[in-house]
Structures are given as structure tokens and as C-alpha cells.
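Participant: Kindly produce the complete structure, drawing on both the sequences and the hints.
Chains as they are written, first to last, in my numbering: chain F, 4 to 105; chain E, 10 to 393; chain W, 130 to 316; chain Z, 3 to 432.
Derived by calculation from the structure, the hints in this document are not laboratory data. Beta carbons: idealized from backbone N, C-alpha and C, even for Gly. Fair warning: there could be bad hints in the mix.
Below, a list of computed lysine-lysine pairs in the BS3-like style, where the Cα atoms sit at most 25 Å apart [as the list claims (entries may be wrong)]: (1) E:K60 with Z:K411; (2) E:K60 with W:K313; (3) W:K313 with E:K55; (4) E:K228 with E:K55; (5) E:K228 with Z:K411; (6) Z:K50 with Z:K331.
Just some of the chain W residues that point at chain Z, by a computed CB distance under 10 Å [to be verified]: (7) V160; (8) N170; (9) I202; (10) G207; (11) L219; (12) Q274.
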Amino acid sequence: MAEITTLHYLVVAAALFVLGVIGVLTRRNVVVVLMSIELILNAVNLNLVAFSRMWGNLHGQVFSIFITVDAAAEAAVGLGILIAFFRNTETINVDEIDLLKW
Amino acid sequence: MSPRTNDSANLDLETREKPYLDSNELIINMGPQHPATHGVLRVILKLDGEKVLGTECVIGYLHRGVEKIAENRTYTMFNPYVDRMDYVAAVSNGLGYCEAVEKLMNVEAPARAKYIRVILTELNRIASHQLWLGTHALDIGAMTPLFYTFRDREEILKIFEKYCGARLTTHAFRIGGCQYETYAGFEKDVKNFLSFVAPKIDEYETLLTTNRIWLERTKNVGVISAADAIALGVTGPVLRASGVKWDLRKAQPYAAYSEFDFEIPIGTNGDTYDRYLVRMAEIRQSLRIIEQAVNGIPEGPIMAKVPKVIKPPVGEIYHSIEAPKGELGYFIVSDGSTQPYRLRVRPPSFVNLQALDVMVRGLLVADVVAVIGTLDIVLGEVDR
Amino acid sequence: MNPGMNSAFNSGMAPVATPFFFYMLSGLAIVGGLLVITRRNAVHSALALIVTLLAVAGLYLMLYAPFVAGVQIIVYAGGIMVLFLFVIMLVNIERSSKERRFNRMWPVGLAAACALMALFVSAFVKGRALFPDRMMSLPESSNTQQIATMLYGEAGRMGQYTFAFEIASLLLLVAILGAVIMTKKKI
Amino acid sequence: MPNFVMSYLGSTVTPGEAGNQFWALIYVLIIFTGVSVAVIAMNWIERKALAHFQVRLGPMRVGPHGLLQPFADALKLMLKEDIIPAAADQFVFWVAPLIGLLAAFTVYTVIPFGPSQAVSDMNIGILFMLGVSSLGVLGIVVAGWASNSHYPLIGALRSSAQMVSYEVAMGLAVVSAVLMTSMNEKGTGTLSMIGIVQAQQQQGVWFIFKFFPLGFIAFVIFSIAMIAETNRAPFDMAEAESELTAGYHTEYSGLRWSLFMLAEYAAMIAVSSIAVTLWLGGWMRPFANLLHAPAWDFIFSLFPGLTFGSLAAIAFVGVTRMPAHSFFKIQRIGLAVFAALLGFIALLLLAIAIVGRSADASLAARFNEGIDYVYWFVLKVAVFMYLFIWYRATWPRYRFDQLMRIGWKVLLPISLGVLVVTAIVGVIVS
Numbered sequence: 004m005a006e007i008t009t010l011h012y013l014v015v016a017a018a019l020f021v022l023g024v025i026g027v028l029t030r031r032n033v034v035v036v037l038m039s040i041e042l043i044l045n046a047v048n049l050n051l052v053a054f055s056r057m058w059g060n061l062h063g064q065v066f067s068i069f070i071t072v073d074a075a076a077e078a079a080v081g082l083g084i085l086i087a088f089f090r091n092t093e094t095i096n097v098d099e100i101d102l103l104k105w
Numbered sequence: 010m011s012p013r014t015n016d017s018a019n020l021d022l023e024t025r026e027k028p029y030l031d032s033n034e035l036i037i038n039m040g041p042q043h044p045a046t047h048g049v050l051r052v053i054l055k056l057d058g059e060k061v062l063g064t065e066c067v068i069g070y071l072h073r074g075v076e077k078i079a080e081n082r083t084y085t086m087f088n089p090y091v092d093r094m095d096y097v098a099a100v101s102n103g104l105g106y107c108e109a110v111e112k113l114m115n116v117e118a119p120a121r122a123k124y125i126r127v128i129l130t131e132l133n134r135i136a137s138h139q140l141w142l143g144t145h146a147l148d149i150g151a152m153t154p155l156f157y158t159f160r161d162r163e164e165i166l167k168i169f170e171k172y173c174g175a176r177l178t179t180h181a182f183r184i185g186g187c188q189y190e191t192y193a194g195f196e197k198d199v200k201n202f203l204s205f206v207a208p209k210i211d212e213y214e215t216l217l218t219t220n221r222i223w224l225e226r227t228k229n230v231g232v233i234s235a236a237d238a239i240a241l242g243v244t245g246p247v248l249r250a251s252g253v254k255w256d257l258r259k260a261q262p263y264a265a266y267s268e269f270d271f272e273i274p275i276g277t278n279g280d281t282y283d284r285y286l287v288r289m290a291e292i293r294q295s296l297r298i299i300e301q302a303v304n305g306i307p308e309g310p311i312m313a314k315v316p317k318v319i320k321p322p323v324g325e326i327y328h329s330i331e332a333p334k335g336e337l338g339y340f341i342v343s344d345g346s347t348q349p350y351r352l353r354v355r356p357p358s359f360v361n362l363q364a365l366d367v368m369v370r371g372l373l374v375a376d377v378v379a380v381i382g383t384l385d386i387v388l389g390e391v392d393r
Numbered sequence: 130m131n132p133g134m135n136s137a138f139n140s141g142m143a144p145v146a147t148p149f150f151f152y153m154l155s156g157l158a159i160v161g162g163l164l165v166i167t168r169r170n171a172v173h174s175a176l177a178l179i180v181t182l183l184a185v186a187g188l189y190l191m192l193y194a195p196f197v198a199g200v201q202i203i204v205y206a207g208g209i210m211v212l213f214l215f216v217i218m219l220v221n222i223e224r225s226s227k228e229r230r231f232n233r234m235w236p237v238g239l240a241a242a243c244a245l246m247a248l249f250v251s252a253f254v255k256g257r258a259l260f261p262d263r264m265m266s267l268p269e270s271s272n273t274q275q276i277a278t279m280l281y282g283e284a285g286r287m288g289q290y291t292f293a294f295e296i297a298s299l300l301l302l303v304a305i306l307g308a309v310i311m312t313k314k315k316i
Numbered sequence: 003m004p005n006f007v008m009s010y011l012g013s014t015v016t017p018g019e020a021g022n023q024f025w026a027l028i029y030v031l032i033i034f035t036g037v038s039v040a041v042i043a044m045n046w047i048e049r050k051a052l053a054h055f056q057v058r059l060g061p062m063r064v065g066p067h068g069l070l071q072p073f074a075d076a077l078k079l080m081l082k083e084d085i086i087p088a089a090a091d092q093f094v095f096w097v098a099p100l101i102g103l104l105a106a107f108t109v110y111t112v113i114p115f116g117p118s119q120a121v122s123d124m125n126i127g128i129l130f131m132l133g134v135s136s137l138g139v140l141g142i143v144v145a146g147w148a149s150n151s152h153y154p155l156i157g158a159l160r161s162s163a164q165m166v167s168y169e170v171a172m173g174l175a176v177v178s179a180v181l182m183t184s185m186n187e188k189g190t191g192t193l194s195m196i197g198i199v200q201a202q203q204q205q206g207v208w209f210i211f212k213f214f215p216l217g218f219i220a221f222v223i224f225s226i227a228m229i230a231e232t233n234r235a236p237f238d239m240a241e242a243e244s245e246l247t248a249g250y251h252t253e254y255s256g257l258r259w260s261l262f263m264l265a266e267y268a269a270m271i272a273v274s275s276i277a278v279t280l281w282l283g284g285w286m287r288p289f290a291n292l293l294h295a296p297a298w299d300f301i302f303s304l305f306p307g308l309t310f311g312s313l314a315a316i317a318f319v320g321v322t323r324m325p326a327h328s329f330f331k332i333q334r335i336g337l338a339v340f341a342a343l344l345g346f347i348a349l350l351l352l353a354i355a356i357v358g359r360s361a362d363a364s365l366a367a368r369f370n371e372g373i374d375y376v377y378w379f380v381l382k383v384a385v386f387m388y389l390f391i392w393y394r395a396t397w398p399r400y401r402f403d404q405l406m407r408i409g410w411k412v413l414l415p416i417s418l419g420v421l422v423v424t425a426i427v428g429v430i431v432s
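Facilitator: Structural data, given as C-alpha cells:
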């Protein structure tokens, strides 16, 4: 097997990213949509860390930690909204969440 | 009276607030096979998360029709059946039944028989409270007291076995007195037991009374106010823990209780911890009574003059005694034949169980277990 | 293998069969990702996502980023995913497993995603020469310390990212407050 | 083969660090079997100790003093029917115990039984440990969900909330210990498990005594949080028998249930190992810095042999005290064989200690050193395991809301305070 280069990691990250985008665009269940967003963020993280190794410095890794923080915040708020919404409408399907006000 | 009372009267399931998060509340069957329901009680819990919105007791899994059986047995034949109701306090059940029939027949047991009755009944009260303490502590998660109390309860059962040959369902008393004279060394055995068990009670208390976790699990849990308790007909230690000084041994003395000096321990808050303290104090009072009784036991016959075939006159009678769990009453209607026309038992556990719903509303699942334990129910008695 | 790995402290994870581990981990990650978006049951999706996250953590280790890998395991797999599972259980409705999995616009979504994939492929094919074909080896043993220096600074001097780090903590605080307020019973 | 043996014995770093895959694999196998044996032994000890707390005898029938009881239990559990409820989610139900087991056992890859007696010395060791042990909760949550039943679901929700909450206090307590590693001349701390023990060695103090009482408070917080993390009494809400029948594993039976038990005990040993490593000097013997003369080294290296010797003596006393009835003949022989085995191990250990007392690089000396490290580590862990049993025998169970209150309102502020004060004291001192 050949030497693993940065491009290999980028391809994996791109694949995860596309999978995440497909999930966000096509699934109905909000929980799965949020999970797909986590997938996208992970793909970005993988890119950053791969580049960090390519350039030989740690800026990419530091940035990926920021993205992890962001992902945690996003999950907390997203799931909070989801619970609040579920309590009022008893649905967690994106195509039924079409009210701006209730 | 109590710092936190559950307003019991007007709590019905319709007025509850909308449960959190999920529109339909979680309904859980606790029992009939559940480690903490002390037999075959089935409690249907309506939960909001872990919060109890309401309970419903389903009973009758142990129903044997004891009251109906009584109508087809002679008074003497029915005597052993009552032991099978509250099987951990069989002696008390027998005492209540025998005294009720005696009252119906207008006989009185001789003094010596009365003293023996008091000794055995109080021993049984201690045994019952010990068993309650062990299982109650186990429900709350403390394993060890169970084994300690069983070790010490064994000594009481040994005395029973030596006296009448049975350990649990004793059938110790007969209508009109006692069947057996005390065995040689009975007094010594009882006195030995008294000196043996007193330090053991302290031992239980060191494990629990000041244990922080025990305090947190029992204080302000399952509070019932005196008014609520009276309204629901709750009796026994549960009522006394709410601050009502009501003990049939003092209020309407039976057997030889009027001759002894003892106190009625009462609580203040009516919570689970107070019920624990009251029962522990009751064990000590029972020890006092036994000590006085065994020292002052008179000589004489143990059986009053009772005809071979018991045929009480036509009439009806209600007689109740203070069983370990509360007021145990027998209502007997006699049509002058050898069998009761109707016999009705007022079991303390059955009535006390009513208070469960009032006590656990708004508490957590773990508290339901603690409250079932603290009510000290025996399903044989609830279902009869 | 990489140069500079002969010292005992530097060898860490990498010495054997790097391509093998890379293909295994990336295969796990992609299969996990596929399962996330195709499983009907949200709990299955969550489990698949955990597999993906752990595989990505393994990839981080191969990229000389042990601290990021540790954070990934603690925050993602141990924290966020437990939160997800918790919420799935709270909103566990039977009917969701019998309904349609995809929304009505799924062909459009799929087409858009495919276009994105095409873009990526063309970028990688065309820009292949742009990526320098090199992999630096980072000092692994002081990885955590270097990240700390960048985040916190050292000896009284502010680090490069200290300000951003503080802002991030503020973001987390806001998120906590937002989540608490939104899930409160009565607002 | 001798080359392989010497390739490890000659090394002063862990096999993983030296890139020695062969020895790393051997180590994984040794640790896996060692932990399994420890769990089996723990099973017997817990039953016996609990029984003696509770004025009863415990297992007495299977083997002398029930010594073979754990094996009988294991056999029974393996032969039992593996029931998967019809309404359960088959795959998730099947995989849930494995997640817990995997998480519990993966932690052992970084636990240092000695400076070179570990699979690997990761430089994010403690971070890795916290992360992997937090994965254990996934197994519980998923098991509760997959059972598709009320009690397991409540148990799973309880335990996930509990474990996530206590992880916070636990992590902060760990951070304050990690902070202490940086209080040397260079001011560089470490997250590596071996590095943490070495820091205690260099600073000449176990972190439990460092900046007294700061280290002690952090240690106490950790030891409270670790009980909650492993779902043991008095925090065993998740499997509270009297409330939730058996909590998250109500629907499990047979082998799959025993995997949960295995995971629980393995996790108990793992968290105890973390506590020992962080605060109690890991593999270091007591007074390593006060009594550091070679003579003292020799005296302390006799301890493993003496321990086994006294165990053998106890077993021999047991043989003599057995009733003379022929019914007990097999039991007597069995116990005598067991005692002889213990005595043989004791003699072997003593011989190694005496032969290997010189501090050269000979095989015996290296062996002697290794045995010492492992012995002191295991002894300290054993104390924790005994405490787990003691807690279980003594205390009632907390209620769920009380547990959360303790976690968030008591332990978290205290551990934050300890962390801040440790940092301030550290700055002042250095």
C-alpha cells in the first residue's frame, strides 16, 4: 500500500462531509439531521488536523478544538429547541416544523 | 402540626398539571412481582419522569376468603385461620379473635392466661417490628440491618417454638385462655431475651438513626398530617407518628394491659423518619411491658370455664386490639349456632394502605418504596 | 515510515502498517456515516455515529494530534452522544420508526449533495498538484503543552488564541443558558 | 525466545512506547486474564466479606469455604438460556453489554503497574482514561433503551444523568492532581499516567498529602465520584434492586448479564487504579523517599512473599480447624492444596526478593523490581476494592434527586474551589 498523504485524509473528510450534507438535506427526523451536522463538523475537523500535520504546526489542531466547542454548543441548543418543540407539537419531523409561531 | 402536609382531600388525577415533556404519562406496574412490594401488592404508578402523579393499589392476589371460611367453621376450628392473615404477628391475631369470642360469650380469661397472652403478644410485636425494620432498611438500600434483625428475631421464634411448637403461625391461644401452661424455664428464657435484645436495639439504631443517608431518605418523606391520618382511618405507629396519642392498649385496655406501666411514643412530623423512631421506641416499651409481666406473672389456672362446644348467644360484638401494625378488629355476628353467622376483620394493613396515595403524591419512585416499607403492610392481612 | 520516529518518545502510534490502519479507520468512519443517514431508527444512527467519531479519533492519533483525539472521545463520544441518546429516549415516539425516512424534497437534496461531491472530486483531481506531498511529523509528547501555550500563552504573555478561547467559553455559557431556558417547563 | 524476553526485560520503557508489538500483545493478554481473575476473586471476596459484615457465612459448599463458587457461578451463567425479549431491539440488545465491557477493558491499556509495566504510556493517558471510561455509560443507556421496558429505561436515564454529572466533578478533581505534576522547577506538567507517578516520585510526596488538605480534598471528591461512576452503593440508583428490580439489566440473563457484571467490576478496578495512580503514588512503595536505603528496599521487597506466606498460613489454619468428619475430607485436601500453592508462591517470591536484591541489571533483579511495583499497586487497589464492599454493607441508597444535588451543588463547587486554590498555592510556592 502506498504512503498515506494529506490528500487521502482530505478524501475521507470530503466523503464524510458529503454524507453529512445528504443527511441534512434528505432526512426528516430532526435528531438525525443534528447528527448529520455533527458528521459535517467532524469532516471539517479532520481536514484541519490533516492540514495541521501537513504544515507542521498546531494551528489546525487548536482550531479543531474550537469547532468541537462549537459542536457541543450547537448540540445543546439544537436539542433544547427540539425538546421545546416536541413538547408543543409532538413531532420531530422537519417537514412538519413549518410554523413560525404557535 | 407538620411542616409539609399533602392536601389529601382534593387531589384527584384530573386536576394534575400537564406532565413535563411527554403528553402521556408513564404508567408503571410496580408488582405484583417486585422486590419492594412485600409480597403481591401491585401498585400502578402514574409517573411524570420520576415524579409520582398518582397511585392505584391493586390488591387481592393473596385473597383466600378468610371471612367466608369463618362462616363454615366452628369458632374453635376457625382459630388457626386468623394466624394466616398477618403471619408475622400471628399471636396478636389470635389474641384479638379469642378475646372477641370471649367477649361474645361473656367469659373472661384467668389472670395467668392474660399475663401469658401479654408476654407473647409483646414478644410478637417486637418480632414484627424487627422484621419491618429489616425489610424497610433493605428497601431503602441498607442491606445489613436485615440480617441483624433476623438474627435477633430468631430468639423470639425459639421461645414461641418452645411454648407451642410453632414458630410463625403459632395458634398460641384458645378461646377462654391458653391451651398450654408455660414450659419450665419460660420466665428465664424471656428474661434472657430481654437482656439479650436491649443492646441489639441500640445496634440497629447506631446503623440507622443518625446515618445521614437514612435521614435524607426518610425525613419529610411520606408526610401525613394528623387530620389526614384520622380521616383515612390510619392506626398504629403510622397514626402515632403523626402526633396522635392513640393506642388501644391505653385507650380501651384489654388483656392485662391496664396493670402495666408504659408510655405511648408519638412523633411530630408524621414522616417516615418519625414512624421509624416511633417503632423503635415501641420496641423498648414492649420490653418494659414484658419485664413487668414476667416479673408479676400470677399463679393459677390458665383456662376459664368454657363449654366443650362453643355456642355464643345470639348477638354481635366488635372487639379490637392494638396489633403491631395498628387497630386489629373483629366484628362477629352470632346466630346462636356453633359457627359465626358473619365474621368481619378490620385489618390494620388494609386500612393503612389507603394512605399510600396521599403520602406519595409528588414524591419520587424511590420514595414510593420507602413509604410502602414504612406503612408496614402484610399482604396476607390486606387480602385476607 | 516517517523520519524522526526512531526516538523512543516519538514513536507512539505510528510505527506499524500505517496504510492498513488508515484504510481500516477511514472505512469504519465512512460506513458509520452511511449508516447514520440511512438507518430508520435514531438510536441505530447514534450508535453508527459513535463508531464514526471513534474512527475519526483514531485518524487524529495517526495525524499526531493525541490531544484532539482525547477531546474528541470525551466531548463527542462521551458527552454529546450521550446527550443525543438521552433526547432520543425522551422523544421516543413509536410512530417515528414507521414513517417515511426521507422528506419530500429528498431528490433535490440528493442532487445537491451529489453536485457537491462532484465539486470535491474535481477539486481533488485538478488541484492534486497543489497539495504538497508531505507530512510533517509533529512532536507528540509535547502536543498538549504546545496547544496549551497557544490557548493560554505562557509566562505572563497572552497566547495567540487566548481571546478567541475566552469568547468560546462565553459561547458555551450562552448555549448552556439557552438550553436550560428552552427546556424549562414554563417560560 | 530468550531474545524476546530480554528485549522487554532490558527495556525501561513500556512495550508500546518502545514499539515492541510482541510484548505489547503479551501485556494485553496478561492484563486481560489478570483482570478477569481479579473480577472472579473480587466476586468471592465480596460475597464472603459482605456475609461476614452481615453475621452470616456466605458461600461454603462449593469448594472449601466456597472458593470454587465463582467458577460454579460462571458455569451456571454460561449454560443459562440467553433470552432476548421479543419486543427488544435485537441488535442493540446484543451489542450493549459489549460496549460496556470494551470501555472497561480498554482503560487498562494505559494503567501503569510499574514504570515499564504497562501496555503503553500515552502522553494523553489520563485524558484517554476519562474519555474511554465515559464510554461505559453508552452501554448502559443503550441496554436500557433496547430492552423496550419501563424499568430498564428509567434505570438507563438515571444512570446516564448520574454518570454525566459526576464526570464533571471527577474531571475537575483529576485536573487539580494533574496541576500538581507541573509544580517542579521546569513548570511542565504531564497527562501521562507514568509521568504523574514519576512526578510524585520526584516531588517526594504522594499527591494526597501535597498542599495538605488540598490534595486530600481532591482525592475524597474523586473517590466519591468514582463510586457514582461505577454505579455502586450508595449510588447504585441505576440498578436499585428495591426500586427498579434490576435497573438497566432487568431483561438480561445468562452470559450477557454476566458481561455487565464483568464490566462493572472491571470498571471498579479501573477507577481505583486511576485514584491510586493520581493520589497514592501508583506503584511506589510507602515511604519510598524517607527510607530509601538499599536495606529498606530489600525489606520492602520481602512484602509480596510475606503476604502470600500469611495467606498460606491462614489457609493452613483453616485446614486444621475443619471438622474431622470424613465428609470434609475432599474439602480438607482441596484447601491444603490451595494453601500449599500459596506457600509455594510465597517461597518463590521470597527467593526472587533475596536473589534479586542487588540493583544490577540481572534477570532476578529486574523480576524483583517488577514484582515490587505490581505488588504495591495491586495492594493499594485492593484497599479501594475493600472500601467498595464496606460502603455497600453499611449505607442505605441515596435518592436520585439527592444524588444530583450532591454532584452539582456540593462536589462541583468544592472541586472547582480546590482547583483554583491549588493553582494559587502552586504559583505562590514556585
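Participant: If a hint holds in the structure, say so; if it does not, say that too.
Facilitator: Each hint, compared with the structure:
no., hint, verdict
1, E:K60 with Z:K411, "holds (21 Å)"
2, E:K60 with W:K313, "holds (16 Å)"
3, W:K313 with E:K55, "holds (21 Å)"
4, E:K228 with E:K55, "holds (23 Å)"
5, E:K228 with Z:K411, "holds (20 Å)"
6, Z:K50 with Z:K331, "holds (22 Å)"
7, V160, "violated (15 Å)"
8, N170, "holds (7 Å)"
9, I202, "holds (3 Å)"
10, G207, "holds (3 Å)"
11, L219, "holds (8 Å)"
12, Q274, "holds (7 Å)"
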